[in-house]
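J.: For reference, the chains in residue letters:
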Amino acid sequence: MNNLFIATLTSLALTLGAGTAIAKEFPERPINLVAPFNAGGGTDLLLRAFAPHFAEALGGDVFVSNMAGGSGTVAAAALAGQKADGYQLGYWSVTVATIQPQIKDIPYNVESWTPICSVAASPTVLFTQADSPFETVEDVVAAVKAEPGKYLYGSSGPGAITHLTTVAAFSGLGIIDQMKHLPFQGSGPALQAMAAGTIQFFGDTELLMASGDFRPLVVFNSERLASMPDVPTAAEVGIEAPLNELYLWGGLFAPAGVDAAITEKLSTACGTAINSDGFQEFAERTSTVLNYRNTTDFDAFFRAQYEANSALIEAAGL
Amino acid sequence: MLQSLPEAMGLIFTFEGMMVLTLGTMLGIILGALPGIGSTVAVAMILPFTLTMSQAPGILLLLAIYAGSVYGGSISAILINTPGTPQSAATCFDGYPMAQRGEAGKALGWATIASVIGGLTSAVVLIFAAPQLAAFALNFGPIETFTLILLGLTCIVSVSEGSLIKGLIAGFIGLFLSTVGGDPITGEARFTFGNFQLIAGFNLLAVVIGVFALSEVLTRAAASRDDAAPLVDFNGIVLPKLHEWKGRVKGLVKSVLIGNGIGILPGTGAATAAFISYAEARRSAPTRANFGKGEPDGLIASEAANNAVTGGALVPTMALGIPGDAITAVMLATLTLHGVTPGIRLMTENPVLMAAIFSGFFVINLMLLPLGMLVSRMAAPILRIKEAYMLVMITLLCTVGVYFVRGNPFDLLVMAIAGVIGFILRRQGYPMAPLVIGMVLGPTLEISLRQGLIITDGSFTAFFVGHPIAGVLAVAAVGMLLLPVFRALRPAKAA
Amino acid sequence: MSGVISERRVVSTILLVLTAGLVLSTFGLQFADLGGAFSPMFFPRIILFILLGLAVANVVIDGLAATDGQPIELLPVVIIGAAFMGYVLLLIPLGYFISSTLVGVVILVALGLRNPVQVLGVPLAASVGLVALFNHVLKMPLPTSPFFWWI
Chain A
1 MNNLFIATLT SLALTLGAGT AIAKEFPERP INLVAPFNAG GGTDLLLRAF APHFAEALGG
61 DVFVSNMAGG SGTVAAAALA GQKADGYQLG YWSVTVATIQ PQIKDIPYNV ESWTPICSVA
121 ASPTVLFTQA DSPFETVEDV VAAVKAEPGK YLYGSSGPGA ITHLTTVAAF SGLGIIDQMK
181 HLPFQGSGPA LQAMAAGTIQ FFGDTELLMA SGDFRPLVVF NSERLASMPD VPTAAEVGIE
241 APLNELYLWG GLFAPAGVDA AITEKLSTAC GTAINSDGFQ EFAERTSTVL NYRNTTDFDA
301 FFRAQYEANS ALIEAAGL
Chain B
1001 MLQSLPEAMG LIFTFEGMMV LTLGTMLGII LGALPGIGST VAVAMILPFT LTMSQAPGIL
1061 LLLAIYAGSV YGGSISAILI NTPGTPQSAA TCFDGYPMAQ RGEAGKALGW ATIASVIGGL
1121 TSAVVLIFAA PQLAAFALNF GPIETFTLIL LGLTCIVSVS EGSLIKGLIA GFIGLFLSTV
1181 GGDPITGEAR FTFGNFQLIA GFNLLAVVIG VFALSEVLTR AAASRDDAAP LVDFNGIVLP
1241 KLHEWKGRVK GLVKSVLIGN GIGILPGTGA ATAAFISYAE ARRSAPTRAN FGKGEPDGLI
1301 ASEAANNAVT GGALVPTMAL GIPGDAITAV MLATLTLHGV TPGIRLMTEN PVLMAAIFSG
1361 FFVINLMLLP LGMLVSRMAA PILRIKEAYM LVMITLLCTV GVYFVRGNPF DLLVMAIAGV
1421 IGFILRRQGY PMAPLVIGMV LGPTLEISLR QGLIITDGSF TAFFVGHPIA GVLAVAAVGM
1481 LLLPVFRALR PAKAA
Chain C
2001 MSGVISERRV VSTILLVLTA GLVLSTFGLQ FADLGGAFSP MFFPRIILFI LLGLAVANVV
2061 IDGLAATDGQ PIELLPVVII GAAFMGYVLL LIPLGYFISS TLVGVVILVA LGLRNPVQVL
2121 GVPLAASVGL VALFNHVLKM PLPTSPFFWW I
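Top line first, the protein sequences correspond to chains A, B and C. Yeah, the first sequence ends on 318 if you go by the numbering used here, and it's all consecutive. Yeah, the second sequence ends on 1495 if you go by the numbering used here, and it's all consecutive. Yeah, the third sequence ends on 2151 if you go by the numbering used here, and it's all consecutive.
Quick caveat, the hints were computed from the structure, so don't treat them as lab data. The structure presented is a predicted model; accordingly, all values stated were derived computationally and were not measured. Positions of the beta carbon are idealized from the N, C-alpha and C atoms, including for glycine. Accuracy of the hints is not assured; some may be wrong.
[What the hints assert, rightly or not] If you want the footprint, here are the derived chain B segments under chain A, 3+ residues with CB under 8 Å:
id : stretch
1  : 1034-1047
2  : 1182-1196
3  : 1199-1208
4  : 1375-1381
5  : 1445-1459
[Unchecked claim] No farther apart than 27 Å at their CA atoms in a straight line, the calculated lysine-lysine pairs in the DSSO-like style are these:
id : chain 1 : residue 1 : chain 2 : residue 2
6  : B       : Lys-1293  : B       : Lys-1250
7  : B       : Lys-1293  : B       : Lys-1241
8  : B       : Lys-1254  : B       : Lys-1241
9  : A       : Lys-145   : A       : Lys-104
10 : A       : Lys-83    : C       : Lys-2139
11 : C       : Lys-2139  : A       : Lys-265
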């Protein structure tokens, strides 16, 4: 209690003393990382593992809070309207940052953010049940064309990365109109339906695929994955750009208009945290593919993704 | 599974293991018993601590908090008519009337024994039959789920005390509220009328806390007060005597089976199980005429079923790597963090860890009885504080609970409005339990119906061709609906 | 209250009007016309039509039945109900600590307590305890005030 008192007094003194040299003193109070999903989800755990290393790199306090709902848009919309002082950062995935604002009427868009850094990016994989008759993408195309309307692909919900993966695959192969989409509430029920044979195809990251007996058909990456060298990339099976690469990426965003010096400081600290031994070990254990981009690179990447994904959204009919 | 048990025991019966289980269960009971704080918030509070622990203790702590808070939720449901979670809503039906009669200790005694038995049996089922049950659960496609939810909805009829039509109205209001927000099939926004916040829909817990807890605060403010009287007359748990169990065992067994059965199905959960079990008990129990007026059989039905679900929900989680509810999803994510890949290979690759989890779950349920008695003895003096102070505490805790469910300030507004409207409706004889039932079952009812229609190309009659389970469930649902009519006609004929 | 208008009849009429309005709104909205189960209005329309039927029957029943008013202490209910609304609206701008203390004081005064030590002390102690627990022990911050980040 005594320590707390001293800490508050000190920070109060700092608040009063803060003047022009903002960046030098930054951060003078705890930084809030917002996870746009419930506590205990993949995003939440990643942020909670990231926070202590980020705090160390910044030389300040960092805490994680959760604001869930609306596929992450509730948190993003709330943060978009906050003060751009760098004390509130959100961890947005590809869907929260680039898909949802283009399919829903929500109060933020590509201009609402100061991208800080990207943290992770995993390519997605289209897969089917391990005992299914489909060995290759050619088998799938032939079967679907032989019996239009018979086969179903699942998703964890409309507009989710799972939905976009299947759309990229079947739209790229030109057979999406001969198939049906069956959305579920989350990946769990969808995978159970796949095990029961209700749906035949599903798409997600490699990590999720590894949880069941599934057979990968195609990888949405620029090159084959080292972990499954026999699985072709989307470009190899004839899926054309921009549908041939799809990543589940995530990174830190602040509301637009953060002071450049603070952005720089946050971005550098983010890089240090990602390269820390502790966080690297976490990524290893959870098969998370880390991918650091600094604020400049991430800004360009984010804008390019925003454009590229509008093609996917159109194909999905969202 | 069985051959790994001895080694698993070595993980549990250590100083650390037992500390984790005891403290975790106790903390879970206390958190669950606080009005407004439910299992979800309790688990979220503990999660950061488990991240620094090693594999087995971390998971066991989460399990202890989970099982403890499910039980703790029934304490506040019985004593102050405030379920901490939707699954305790059915416990209010008979628990609160008993407390009002001055039998709060007895009501908690029944609830405790039923909870412990429900939990223990589900742990046994988990240890011996998880893979087989998980395989059976695969038979439940969208069409079967739809008919099961229909069966659950018939329970609205049985909890509509006083006016059937007002109960049905409340139930359908609940169903409607569940459709507000993003459409589960197309993603389009429905009934948001330009309000962005409504895209995410109404949060179930915000509505539950509003219509039960806050409207209770208003109801008490509306009644003439006697400052000297405490809120409830409660001096600790009074366990039921053996002879009082006469005629109740059959209902208990049935409720346990219902809880276990529903727990293993994807996307249904503890609230559904408690409602279906309550409806079934009300249909078949010899004491059915007293239901809703403080009948122990009603309490047993609800509590045995919702605790049996905790084990059932672990079946698909552990056997298939598919979470049975939001809490088990957290556990799976925690496993991932500890380097264990959840999924169908979990059992074969980590048999000792799984055996430790399952047997730890058994131990937790054993400890519910002594720890529950201890916590409620400690809580008894707190409940004797002035009613006005209690109402302030309830209000403050409700905001904490609702705020932490998903950190959304809009949910608080929903809670306050639900509290005021709930108060007005309750005064005019609209029961609030059906509203909660409608909101709990609505999303699953809708998505399973529409998925079914997509699969059958829009033919509703095709639902019952080649789906024997669905047929049986549908017949049962119709039977449940018609039963009150038959019952009403029979004495008339005799007379 | 006397005559045709009673609390109960007003509530059932409001429910009917609201339901009718919602039913109408499902026809005015612009959705891609995919038909059947694909339409977002498929399920809500079924629910609302049944609800409409029930609401009509409810108005008839309440219209026929004799009504008996229940006693109510109106003033504390109105004050506390309004306090709830104010509380949740002020919680974010003022933070948990200030708004909780305020709502606690209002509830206690509305319930008839007049001893200033009790009226101020209990809400203050409750808010301090909760804020200390969540913001500083558990590191799960409740909304903080614009004045001091630690409460």
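J.: Starting from the hint list further up, note which numbers the structure goes against and sort them upward.
T.: 4, 9
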